[in-house]
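**Q** Fit chain B to the supplied structure of chain A, relying on the hints for placement.
Top line first, the protein sequences correspond to chains A and B. As numbered in this note's numbering, residues 200 to 431 make up the first sequence, in order. As numbered in this note's numbering, residues 200 to 431 make up the second sequence, in order.
Incorrect hints may have been included.
Unchecked claim - Here are the simulated lysine-lysine pairs, DSSO-like style, with alpha carbons at most 27 Å apart: (1) K391/B <-> K391/A; (2) K424/B <-> K369/A; (3) K391/B <-> K424/A.
Hint data in this document are derived by calculation from the structure and do not stem from the laboratory.
There are 2 protein chains.
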Amino acid sequence: MRFGVIAKGSGMIQPNMATMLCFITTDAAIDSKLLQKALSKVVATSFNMISIDGDMSTNDMVVVMANGAAGNAPIVEGSEDYAKFLEALDKLCKELAQEIADDGEGATKFLTVHVTGTKTFADAKTIAMSVAKSPLVKTAFFGADPNWGRVICAVGYAGVPMNHKDVVVKFGDIPVYAHGVGAEYDAEALAKVMEQHDITISIDMGQGEEEATVWTCDFSYEYVKINGEYHT
Amino acid sequence: MRFGVIAKGSGMIQPNMATMLCFITTDAAIDSKLLQKALSKVVATSFNMISIDGDMSTNDMVVVMANGAAGNAPIVEGSEDYAKFLEALDKLCKELAQEIADDGEGATKFLTVHVTGTKTFADAKTIAMSVAKSPLVKTAFFGADPNWGRVICAVGYAGVPMNHKDVVVKFGDIPVYAHGVGAEYDAEALAKVMEQHDITISIDMGQGEEEATVWTCDFSYEYVKINGEYHT
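Chain A extracted, bound-state conformation:
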């Protein structure tokens, strides 16, 4: 069983808007209703978990088509084959979603915002999206500035009830904020993390067992150039 995939990232395809397009094909035998169900499931934790600039395009789309050429017995819900299919589709969609965030307009950094310890997935996603969409967070990472104040600020205004004394924030593996105060950290080691292209912002909310991951990029001069000067 194989997959084919074509995705167009978040550059400009027309002067008026950014678009994300993704076409997935597979030779698996699987009926269209179950295929759509599988796609909807994995999209919730892949393509719906990225943000370039918070601007939702009018024509983002992900489609999947299956032709059955693999010759497998049709995949049915609840089977081991379906579990495998779902796992493969999920892996594929996450990889593509991450590549699209990494390829964001003007991006110089690929940021993974991993929120843990919430009561629900929705809470974790709301917090992660709030951090991922903050222009102050995105410009700080562009400037390689370990500005945890901006991260905590975006966590705070996300709208999920919280106690700042329960929260721990890490950049890479290094705690920068813990339980109400800035953590003591090795400034040189942290500077090395901030210079990397791939940086994970981990936020533990200390209020539950759920989690969510959002992928985004930084906000650069090039983003302003691409979107402010392309028409001149």
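**A** Just chain B now, kept in the frame of chain A:
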């Protein structure tokens, strides 16, 4: 009866966050409960209607203090004096709010987003904020690009039910989008509007009698510089 006012706009006061502070004084005799009521009323259509970059500060504040030195009879609710007091306070707060938006970090344009024709004030505010916070709209105005596609896109994803055929968008006095299609406009006249420092984006939703106005600024290289490079 006089007012005194001190406000600090949206530059950086501490490296970690932007803040807005506003202290208003008046010599009017008015009790604190009614004064707070008056302030809350006018703040809803002045300071709560501005956005620089969508990042809410941890310590925005507006306070008003009255010492009664004007020697007027204490202002009571429902009186003509209260109406006058409210009008003066409202005018003052709107002016200050506009100045703060105009003074936004790196701003080169002062943008007024005026949404009319909605069923509620809340709907109009939601739509106006969606447009005012859109990085794509803000970079387009930085580039003096009359990109109505980005405005309509932000109207669409604001979440208020709409029919695009009811909507009319103007930049300054010039219709750029009307009832589902781009309007025919004099490109030279529109270019003149886009070159101005103060630009009004008018959006008529065609679904009711309510309206709201949000003030914001554009998104420039300087914004990225101020927020990405200040620490180096």
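**Q** Which hint numbers does the structure go against, in order from smallest to largest?
**A** 1
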